[in-house]
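Visitor: Protein chains in written order, with the numbering used here: chain V, 152 to 352; chain P, 152 to 352.
Rather than coming from a laboratory, the hints here were simulated on the basis of the structure. There could be a bad hint or two in this list.
List of simulated lysine to aspartate or glutamate pairs, EDC-like, C-alpha gap at most 16 Å [as the list claims (entries may be wrong)]: (1) P/K337 x P/E199; (2) P/K164 x V/E199; (3) P/K305 x P/E228; (4) P/K293 x V/D213; (5) V/K348 x V/E166; (6) P/K164 x V/D291; (7) V/K293 x P/E169; (8) V/K173 x V/D160; (9) V/K164 x P/E166; (10) V/K164 x P/E288; (11) P/K305 x P/E227; (12) V/K202 x P/E285; (13) P/K164 x V/D213; (14) V/K202 x P/E169; (15) P/K202 x V/D213; (16) V/K202 x P/E227; (17) P/K202 x V/D291; (18) V/K164 x P/E199; (19) V/K348 x V/D211; (20) P/K202 x V/E166; (21) V/K301 x V/D291.
There are 2 protein chains.
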Amino acid sequence: MENIHPIFDTILKKEDKEQRLKQKAGVFWFIGLSGSGKSTLVRALEHELHKRGYLTKMLDGDNLRTGINNNLGFSEEDRTENIRRASEVAKLFMDGGVITLCSLITPSHTARSMAKMIIGPEFYHEVYVSCPVEICEQRDVKGLYAKARKGEIKNFTGIDAPFEEPSAPELVIQTDLEPEEVSLQKVLKYILPIIEKKQNQ
Amino acid sequence: MENIHPIFDTILKKEDKEQRLKQKAGVFWFIGLSGSGKSTLVRALEHELHKRGYLTKMLDGDNLRTGINNNLGFSEEDRTENIRRASEVAKLFMDGGVITLCSLITPSHTARSMAKMIIGPEFYHEVYVSCPVEICEQRDVKGLYAKARKGEIKNFTGIDAPFEEPSAPELVIQTDLEPEEVSLQKVLKYILPIIEKKQNQ
Numbered sequence: 152m153e154n155i156h157p158i159f160d161t162i163l164k165k166e167d168k169e170q171r172l173k174q175k176a177g178v179f180w181f182i183g184l185s186g187s188g189k190s191t192l193v194r195a196l197e198h199e200l201h202k203r204g205y206l207t208k209m210l211d212g213d214n215l216r217t218g219i220n221n222n223l224g225f226s227e228e229d230r231t232e233n234i235r236r237a238s239e240v241a242k243l244f245m246d247g248g249v250i251t252l253c254s255l256i257t258p259s260h261t262a263r264s265m266a267k268m269i270i271g272p273e274f275y276h277e278v279y280v281s282c283p284v285e286i287c288e289q290r291d292v293k294g295l296y297a298k299a300r301k302g303e304i305k306n307f308t309g310i311d312a313p314f315e316e317p318s319a320p321e322l323v324i325q326t327d328l329e330p331e332e333v334s335l336q337k338v339l340k341y342i343l344p345i346i347e348k349k350q351n352q
Numbered sequence: 152m153e154n155i156h157p158i159f160d161t162i163l164k165k166e167d168k169e170q171r172l173k174q175k176a177g178v179f180w181f182i183g184l185s186g187s188g189k190s191t192l193v194r195a196l197e198h199e200l201h202k203r204g205y206l207t208k209m210l211d212g213d214n215l216r217t218g219i220n221n222n223l224g225f226s227e228e229d230r231t232e233n234i235r236r237a238s239e240v241a242k243l244f245m246d247g248g249v250i251t252l253c254s255l256i257t258p259s260h261t262a263r264s265m266a267k268m269i270i271g272p273e274f275y276h277e278v279y280v281s282c283p284v285e286i287c288e289q290r291d292v293k294g295l296y297a298k299a300r301k302g303e304i305k306n307f308t309g310i311d312a313p314f315e316e317p318s319a320p321e322l323v324i325q326t327d328l329e330p331e332e333v334s335l336q337k338v339l340k341y342i343l344p345i346i347e348k349k350q351n352q
């Protein structure tokens, strides 16, 4: 059987999808402690970008841990695999032209480097959602800190597992020092120039 | 800290993304032997849909086995996990409003049922790309059948692992009986009414 149509042989590229979506794809990786406000911020960001016509995909513990990562626990090995899979999924979305917003604790330099390597350094954008652990623990929206203190959850970041301060995030948001709305505006100001599709690009 | 904006609490839904993309999302799962022509067909389909303004994502052995599934082999357990992860990734795309085209051998009823269950029966559309194993082996585009015959690859579907005939695919394409262009037109005719976004829907 002969291929008379080149479409049977070629694969659509990221650029084709970006053209269709009128946006530049990228992965924005929001790191920070549980309770720091990462997901709250990313949810609001997704709404704002949607209003402006951008297509985004949010990846977080909620939709990863209940799905693709539902056979992983919280051992060091499993946490690494959790981040590896998240990175690979993020890459698939980015290759599909989608602006991908990851909200994951990502406590170690090693895990962040792996994410960056899988996604590609030029497409990986790190945002640090910073908040002192004492305040995160006070908020304790999901009741996880209480459980960790009682020993019901092991290896809980900030309690009995370390969170390494990021060395070079592109943006730092301090949720203990400013209202959510201010944080949101900062992220928008940072992200819009990166995802904007310029003409002839 | 008080939430003054509801956008900090709510998550964008599939319907929001579909509205933005002007399409209905779904997962189209192309099953069939290695060499049956699944990926060739899906690549062409993706081009045709792109031309018509649809946003699609193709998931196949090439982008899954080299990425998210690169720590899986071909044992029965690993093949199940391969399909499970593919299904979860497909679901993430579909939840993001994207028309998802999976091209995976998926040799057993059990694997197909799992995919259907994960994705949701109403969003899982099975297309059987049918071709006798003798013809697939003659084509042997990737040289895999030759390796399987020599015993260099174990558990190769159609050689030393079974392919169960699907019981109720929504569409059957017989690539040994018709030119690629005819198959493509059949798939298009089938898929377009499903993904078309009707007004007020």
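Visitor: Hints numbered earlier in the text: which of these fail when held up against the supplied structure?
Guide: Violated hints: 4, 6, 7, 8, 9, 10, 12, 15, 16, 17 and 19; rest satisfied.
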